[in-house]
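Asks: For reference, the chains in residue letters:
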Amino acid sequence: RKEVEQDPGPFNVPEGATVAFNCTYSNSASQSFFWYRQDCRKEPKLLMSVYSSGNEDGRFTAQLNRASQYISLLIRDSKLSDSATYLCVVNPFGNTPLVFGKGTRLSVIA
Amino acid sequence: ETGVTQTPRHLVMGMTNKKSLKCEQHLGHNAMYWYKQSAKKPLELMFVYNFKEQTENNSVPSRFSPECPNSSHLFLHLHTLQPEDSALYLCASSQESVWDEQYFGPGTRLTVT
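Going line by line, the protein sequences match chains A and B.
Under our numbering, the residue at position 19 of the first sequence is numbered 19, and the numbers go up by one with no gaps.
Under our numbering, the residue at position 97 of the second sequence is numbered 97, and the numbers go up by one with no gaps.
Calculated directly from the structure, the hints in this document are not laboratory data.
All values derive from a computational prediction rather than experimental measurement.
Be careful, since some hints might not be right.
In silico PhoX-like links for lysine-lysine, alpha-carbon gap of 25 angstroms or less [unchecked claim]:
| id | chain 1 | residue 1 | chain 2 | residue 2 |
| --- | --- | --- | --- | --- |
| 1 | B | Lys52 | B | Lys18 |
| 2 | B | Lys40 | A | Lys42 |
| 3 | B | Lys40 | A | Lys102 |
Take these sequences, add in the hints, and give me the full structure.
Replies: Here's what the structure looks like:
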């Protein structure tokens, strides 16, 4: 299994829809988990950290499932402005840099 | 946002030129990174500096030479590049350790002719 794997998409959803992305990671010792958002030709921006207890920020909910080694991102009430590539990011283990997934492309359609 | 700045934002250079990319972070972070992102490809980690010491070199060709004079500044010196080196070069920083969340600069879009 690759260190971080994501479905590349694209996910094309209508405005107002709920969409969920999953990301699997290979190392059970991983400690840090994040979701980033990257707009076309722009830098990645931190969307949210993912905690063991799960966390929510407005329309966005992130969850971690250590047993199955995946993290998820749920977007409710999708907006046109949510169209972007969503990057799953994991610290593989110990004192190693974060590993960025290849990203999942989301297009929200009017 | 001015947390992490990069200059220049765009650069066109010939294969025989020498140029440098500059990154500065105003966040008080101790780790800094260089990434390469080619068109429609994922991020590729190039170099990592932690407390000014290089801790990672991801098999990057020697035509790319990083320099980290202090925790706030990071340079990428370029010489005799190839057209396939054309890409978006992103700088990032993180607070204490390499597993903290990273904050990115806007990138330098490099074209090698």
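Asks: Tell me if the straight-line CA distance from Lys40(B) to Lys42(A) falls inside 25 angstroms.
Replies: Measuring from Cα to Cα gives roughly 12 angstroms; hence the hint holds.
Asks: Are the Cα positions of Lys40(B) and Lys102(A) separated by 25 angstroms at most?
Replies: Measuring from Cα to Cα gives roughly 9 angstroms; hence the hint holds.
Asks: Against the 25 angstroms threshold, does the CA-CA distance of Lys52(B) and Lys18(B) hold or violate the hint?
Replies: Answer holds: Lys52(B) to Lys18(B) is near 23 angstroms, not above 25 angstroms.
Comparing the model with each earlier hint shows no violations; every hint is respected.
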